[in-house]
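Line by line, the protein sequences give chains U and Y. Residue numbers for the first sequence follow my numbering, so the first one is 1230 and each next one is one higher. Residue numbers for the second sequence follow my numbering, so the first one is 1230 and each next one is one higher.
If you're looking for bench data, these hints aren't it; they were derived computationally from the structure. Check before you lean on any hint, since a few could be wrong.
[What the hints assert, rightly or not] Sample of chain Y residues facing chain U (criterion: CB under 10 Å; computed from the structure):
#1 Q1266
#2 H1269
#3 A1271
#4 R1476
#5 Q1478
#6 P1479
Every value quoted in this text rests on a predicted model; they were computed, and no experiment measured them. We put the beta carbon where it would ideally sit given N, CA and C, even for glycine.
Number of protein chains: 2
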Amino acid sequence: MKCVEHRACFGGWQDVYRHHSSVLDCDMAFAVYLPPQATHEAVPVLYWLSGLTCTEQNFITKAGAQRYAAECGMALVVPDTSPRGDDVPDAEGYDLGKGAGFYLNATMAPWSRHYRMYDYVVHELPALIEAQCPVTGARAISGHSMGGHGALAIALKNPGRYRSVSAFSPIVAPSRVPWGETAFSAYLGDDRETWKAYDATELMKTAKEKLPMLIDQGDADEFLHTQLRPDLLMIEAHAAGYPAILRMQPGYDHSYYFVASFIGEHIAHHAAAFRRS
Amino acid sequence: MKCVEHRACFGGWQDVYRHHSSVLDCDMAFAVYLPPQATHEAVPVLYWLSGLTCTEQNFITKAGAQRYAAECGMALVVPDTSPRGDDVPDAEGYDLGKGAGFYLNATMAPWSRHYRMYDYVVHELPALIEAQCPVTGARAISGHSMGGHGALAIALKNPGRYRSVSAFSPIVAPSRVPWGETAFSAYLGDDRETWKAYDATELMKTAKEKLPMLIDQGDADEFLHTQLRPDLLMIEAHAAGYPAILRMQPGYDHSYYFVASFIGEHIAHHAAAFRRS
Chain U
1230 MKCVEHRACF GGWQDVYRHH SSVLDCDMAF AVYLPPQATH EAVPVLYWLS GLTCTEQNFI
1290 TKAGAQRYAA ECGMALVVPD TSPRGDDVPD AEGYDLGKGA GFYLNATMAP WSRHYRMYDY
1350 VVHELPALIE AQCPVTGARA ISGHSMGGHG ALAIALKNPG RYRSVSAFSP IVAPSRVPWG
1410 ETAFSAYLGD DRETWKAYDA TELMKTAKEK LPMLIDQGDA DEFLHTQLRP DLLMIEAHAA
1470 GYPAILRMQP GYDHSYYFVA SFIGEHIAHH AAAFRRS
Chain Y
1230 MKCVEHRACF GGWQDVYRHH SSVLDCDMAF AVYLPPQATH EAVPVLYWLS GLTCTEQNFI
1290 TKAGAQRYAA ECGMALVVPD TSPRGDDVPD AEGYDLGKGA GFYLNATMAP WSRHYRMYDY
1350 VVHELPALIE AQCPVTGARA ISGHSMGGHG ALAIALKNPG RYRSVSAFSP IVAPSRVPWG
1410 ETAFSAYLGD DRETWKAYDA TELMKTAKEK LPMLIDQGDA DEFLHTQLRP DLLMIEAHAA
1470 GYPAILRMQP GYDHSYYFVA SFIGEHIAHH AAAFRRS
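Chain U with its partners taken away, still in its complex shape (with noise of 0.2 Å):
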């Protein structure tokens, strides 16, 4: 992995590499934040999943997140939000395609041979991150919009893994909203029962571990009935047992602005489930 950014940030370093990715077989931009505590020992990590046209930018110019990071010794991971390069097939709209992997493994081609995201970011990041940066195996992961979507699946999913969850606006239950049905139908296919292995409020039905999930919704969001509907999850929640909090935030709407507005409380909710395990 080579450098390709390396700014001084809250007492910290804001960096930013390149490498190639075996699993998506291109060439791969991630942002890592780590904190002052990293010089001296290794920290926990927790990873950000960007939502639809971001790349691993938007998280750490726009959300105010390595402040938060600095007083509780947390790394920031953020990869981009799809496989990249000329090589990489892409669709028109701005919800496929480049900028828009969901954080899954396509089995349909064109996409099947790069868009393997899901893979990306749950095994070959962290075990690069895990060998190359200070870091503990302490893992959490949040996200938003598509990227709500990613942490709330891979978490259901992989509950060993994390030791805690997060989402601002997440798409909750993407076989039933637009923006999933475009993206599963072209990644995925149209059996719709292979859908559910990426389907937050599917995936809730059957959750057995449970992590500290806090999911932050502005009501004046925007895509909320129409993309999120966080009832959805929270109705499954709620008859699993899980212990999953909704808030709904009044005036908020999708942009970073919420997102730094409460991204030290989801660092905080973070960190707290760091010092428990």
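Start from chain U and add chain Y according to the hints.
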């Protein structure tokens, strides 16, 4: 003035307005952050002046200042960095013309019709804000790079209009560095005597009324020794007995990661001045 963005942020509102500036003879955008306190009382205002190539967006999306403004009960007002529009003359380089107004009143053709950012920032914009927004007449001013030049020069010329001043990585002696020489020779002509009216280091020599002045400068800033030279201002501040504090911050560069890391302390500096007066 017409509201074109209205987003909840840290319990307050991050708004962007468009209006016609009679001083600049063009339409302009500016940003206003109103903290939660502004719903029930008038609040003081920190004016933020951005650097080369910026618009009103850079600071509000990247600095994370709203958190601190919400804690202190302070509004943030962020103008664009130059006149805008198809009728406004421009230049090839990033350091002259649009995005590079240098917070002065140009006297040379073709610039003098629109490039009057000094009058806009000192007079027209505050008059508009104070007529339309729930703010007091208490003002402070800060900025980054070219905007740090603007904040320092404007505060030194108008100490009665501001309670305090601060700057990040400012151009402090525009008459003596390439960015300033390019801009001042175009906007003000070849008579360097006229440049002194907008050169903070020159203005420091005759400063009478003194304001609390805080300057942060990263020592890994790629422009430190060629364009910024805060040492030149501090020599004059020392000679004048001016209460200027320059903090060299080890490892930090010229980016908004630097601004984000210390904007909280700048807002505290201004909040303290508002409390004292």
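Going through the hints against the structure:
For the restraint placing Y/Q1266 at the interface with chain U, the shortest Cβ-Cβ distance is roughly 16 Å, beyond the 10 Å limit, so the hint is violated. Interface hint status for Y/H1269: violated, as the beta-carbon distance to the closest one in chain U is roughly 16 Å, over 10 Å. Of the supplied interface hints, the one on Y/A1271 is violated, with its beta-carbon coming no nearer than about 21 Å to a beta-carbon of chain U, more than 10 Å. With a least beta-carbon distance of about 14 Å to chain U, the hint placing Y/R1476 at the interface is violated under the 10 Å criterion.
Given the 10 Å rule on beta carbons, the hint for Y/Q1478 holds: about 8 Å separates it from the nearest Cβ of chain U. Here the hint on Y/P1479 is kept, as its CB sits about 8 Å from the closest CB of chain U, short of 10 Å.
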